[in-house]
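Residue strings, one per chain:
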Amino acid sequence: MIQFHLDSASGVATYVQLVQQVHQALQLGLLEPGDQLPTAQQVVAKLAINPNTVLKAYRDLEREGLVRGRPGLGTFVVSSLPRTDPATQARFLTSMSNWLRKARAAGLGPDDIEAIYRTAFRNCFAEGVA
Amino acid sequence: MTAAIETTGLSKRYGRRRALEDCTLGIPEGRVVGLVGPNGAGKTTLLHLAVGLLEPTAGTISVLGGRPAESPSQLGRVGFVAQDAPTYARLSVRDHLRMASWLNPNWDQRLAETRIDQLDLDPRQRAGTLSGGQRAQLALTLAIAKRPQVLLLDEPVASLDPLARREFLQDLMEVVAVQGITVMLSSHLVADLERVCDYLVVLTASHVQLAGEVSDLLASHHRLSGPRREGNLPSSFEVIEETQTDRQSLLLVRTKEPFPFIDPAWSVMPVTMDDLVLAYMRQARDVAASRPSPLEVLR
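Chains as they are written, first to last, in the working numbering: chain W, 905 to 1034; chain X, 8 to 306.
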């Protein structure tokens, strides 16, 4: 069984922190298919957070296909984290590097570029900001 | 779904003083509601109206569809812990449970005893000799063992040390997880509310300044910083707070979702519950300061 912890100064929404910690545990092999996640009752009794926050995190994980809730039994890991294909990662790294070189050549500084990136990133993931 | 707490134009006056004015709320069941605002804003008045300790001067309030304190069954469905968790100093912990079992038809003695045991309280100890944290926990035990569907808490953690506070909130959240009850608690400690609440009500100067699901409120408010603006923000922006230097504007705005695109010269940051509470409290104070006082109007 894993234990959750919270970084209240991080500014990252609580349910996102829970999701990220499950991702991490899967990547590190701390969680494997068949393992049970702590119940909402166990999590809130330790962290003093709203039970709906835990349920929201578990719903997100369920949507990702990583866990499944079994009524009356609990929430169980059903698959390990699909790792991004290294070739895909490399392809996007190359195109991003090319883009950055062009931006620099056009006279943009690091701060300009970061502002553009942040705006584009925000627009792309707008629904995930909350 | 019925509302756990619904008010329409709810007002309470003491003589000429307005404790609560035109308060309209619709709080769904199953929420943990944070009630926040400056001292004297009307938080305790609202809670007392919901329990039935006070009668409205105008408007209506219903809790789980019923009028507060209208019947024994209505009383049984609402739990209340008043400020400073009052207990009977000369009665023992066990006497408190015994008395509560006589007074409450749905009293759950097993739940009460299990909790007293988990809290490591001596049933023979007099309440007057308990620590502040233990007393708060005893009051919470009495309130939840009556098996209410709505639990109202007036500054339950204000006088507790950080550890006792955390333990109190852990237990409270466990009750919410197991029993699925609706909780409304007033507090000045926004960091605590940020953890436990999924619904927020900001009350200032006897008015509801802001109310809604926390996730909606956080998604619809943003902090913007950018070059000093000359009055050309999109009309879908409602400015809650603005500070300016000769070069720069800092804004806290409310927008319609999804976030409308603005000039890349502006940086956009998410807000925290703390930001929201402070901005709305300041807004209310500034509006009050710019209004002429009633005396001046009379003259």
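Since the hints were made in silico from the structure, they are not lab data.
Quick reminder that beta carbons are idealized off the backbone N, C-alpha and C, glycines included.
Take the hints with a grain of salt, since some may be wrong.
What the hints assert, rightly or not - For the chain X half of the interface with chain W, some residues (derived, Cβ under 10 Å), not all of them:
1) Val185
2) Gly187
3) Val246
4) Ile247
5) Glu249
6) Met276
7) Met288
8) Arg292
9) Asp293
10) Ala295
Claimed, not checked - To list a few chain X residues with every Cβ distance to chain W over 10 Å, as calculated:
11) Val39
12) Arg117
13) Leu118
14) Arg173
15) Asp178
16) Ala184
17) Val203
18) Ser242
19) Lys263
20) Pro277
As the list claims (entries may be wrong) - Below, simulated EDC-like cross-link-like pairs (lysine to aspartate or glutamate); rule was C-alpha separation at most 20 Å, straight line:
21) W:Lys960 with X:Glu181
22) X:Lys263 with X:Glu220
23) W:Lys950 with X:Asp168
24) W:Lys1006 with W:Asp1016
25) W:Lys960 with X:Asp223
26) W:Lys950 with X:Glu201
27) W:Lys960 with W:Asp911
28) W:Lys950 with X:Asp205
29) W:Lys950 with X:Glu13
30) X:Lys263 with X:Glu248
31) X:Lys263 with X:Asp293
32) X:Lys263 with X:Asp253
33) W:Lys950 with X:Asp115
34) W:Lys950 with X:Asp293
35) W:Lys960 with X:Glu220
36) W:Lys950 with X:Asp223
37) W:Lys950 with W:Asp989
38) W:Lys950 with X:Asp199
39) W:Lys960 with X:Glu36
40) X:Lys263 with X:Asp223
Evaluated hints:
1. Val185: holds, 6 Å
2. Gly187: Result: holds, 8 Å to nearest chain W Cβ.
3. Val246: violated, 20 Å
4. Ile247: violated, 18 Å
5. Glu249: With Cβ-Cβ at 21 Å, over 10 Å, it is violated.
6. Met276: With a closest approach of 9 Å, the Met276 (chain X) hint holds.
7. Met288: violated, 21 Å
8. Arg292: Interface hint status for Arg292 (chain X): violated (26 Å vs cutoff 10 Å).
9. Asp293: Violated. Min distance 27 Å.
10. Ala295: Cβ of Ala295 (chain X) sits 31 Å from chain W, so the hint is violated.
11. Val39: violated, 5 Å
12. Arg117: Non-interface label on Arg117 (chain X) holds, nearest chain W Cβ at 17 Å vs cutoff 10 Å.
13. Leu118: holds, 14 Å
14. Arg173: Per Cβ check, Arg173 (chain X) is inside 10 Å of chain W; nearest 6 Å; violated.
15. Asp178: violated, 8 Å
16. Ala184: Non-interface label fails for Ala184 (chain X): nearest chain W Cβ at 4 Å, not farther than 10 Å.
17. Val203: Since the minimum Cβ distance to chain W is about 5 Å, Val203 (chain X) lies within 10 Å and the statement is violated.
18. Ser242: holds, 20 Å
19. Lys263: Lys263 (chain X) is indeed farther than 10 Å from all Cβ atoms of chain W, at 13 Å.
20. Pro277: Non-interface label fails for Pro277 (chain X): nearest chain W Cβ at 6 Å, not farther than 10 Å.
21. W:Lys960 with X:Glu181: Between Lys960 (chain W) and Glu181 (chain X) the Cα gap is close to 16 Å, so the pair holds against 20 Å.
22. X:Lys263 with X:Glu220: holds, 15 Å
23. W:Lys950 with X:Asp168: holds, 17 Å
24. W:Lys1006 with W:Asp1016: holds, 13 Å
25. W:Lys960 with X:Asp223: The hint holds at about 14 Å.
26. W:Lys950 with X:Glu201: holds, 16 Å
27. W:Lys960 with W:Asp911: Judged against 20 Å, a Cα distance of about 18 Å means the pair holds.
28. W:Lys950 with X:Asp205: holds, 18 Å
29. W:Lys950 with X:Glu13: violated, 32 Å
30. X:Lys263 with X:Glu248: Between Lys263 (chain X) and Glu248 (chain X) the Cα gap is close to 17 Å, so the pair holds against 20 Å.
31. X:Lys263 with X:Asp293: Violated, at roughly 24 Å.
32. X:Lys263 with X:Asp253: Not satisfied, since the Cα-Cα distance of roughly 29 Å exceeds 20 Å.
33. W:Lys950 with X:Asp115: violated, 24 Å
34. W:Lys950 with X:Asp293: The hint is violated at about 40 Å.
35. W:Lys960 with X:Glu220: Roughly 14 Å separates the two Cα atoms, so the pair holds.
36. W:Lys950 with X:Asp223: violated, 26 Å
37. W:Lys950 with W:Asp989: Given that 20 Å is the threshold and the Cα spacing comes to 37 Å, the pair is violated.
38. W:Lys950 with X:Asp199: Holds - the C-alpha atoms of Asp199 (chain X) and Lys950 (chain W) are around 14 Å apart, at most 20 Å.
39. W:Lys960 with X:Glu36: Measuring from Cα to Cα gives roughly 17 Å; hence the hint holds.
40. X:Lys263 with X:Asp223: Holds. Lys263 (chain X) to Asp223 (chain X) sits at ~10 Å (cutoff 20 Å).
In the structure shown, a violation is registered for the earlier hints numbered 3, 4, 5, 7, 8, 9, 10, 11, 14, 15, 16, 17, 20, 29, 31, 32, 33, 34, 36, 37, in ascending order.
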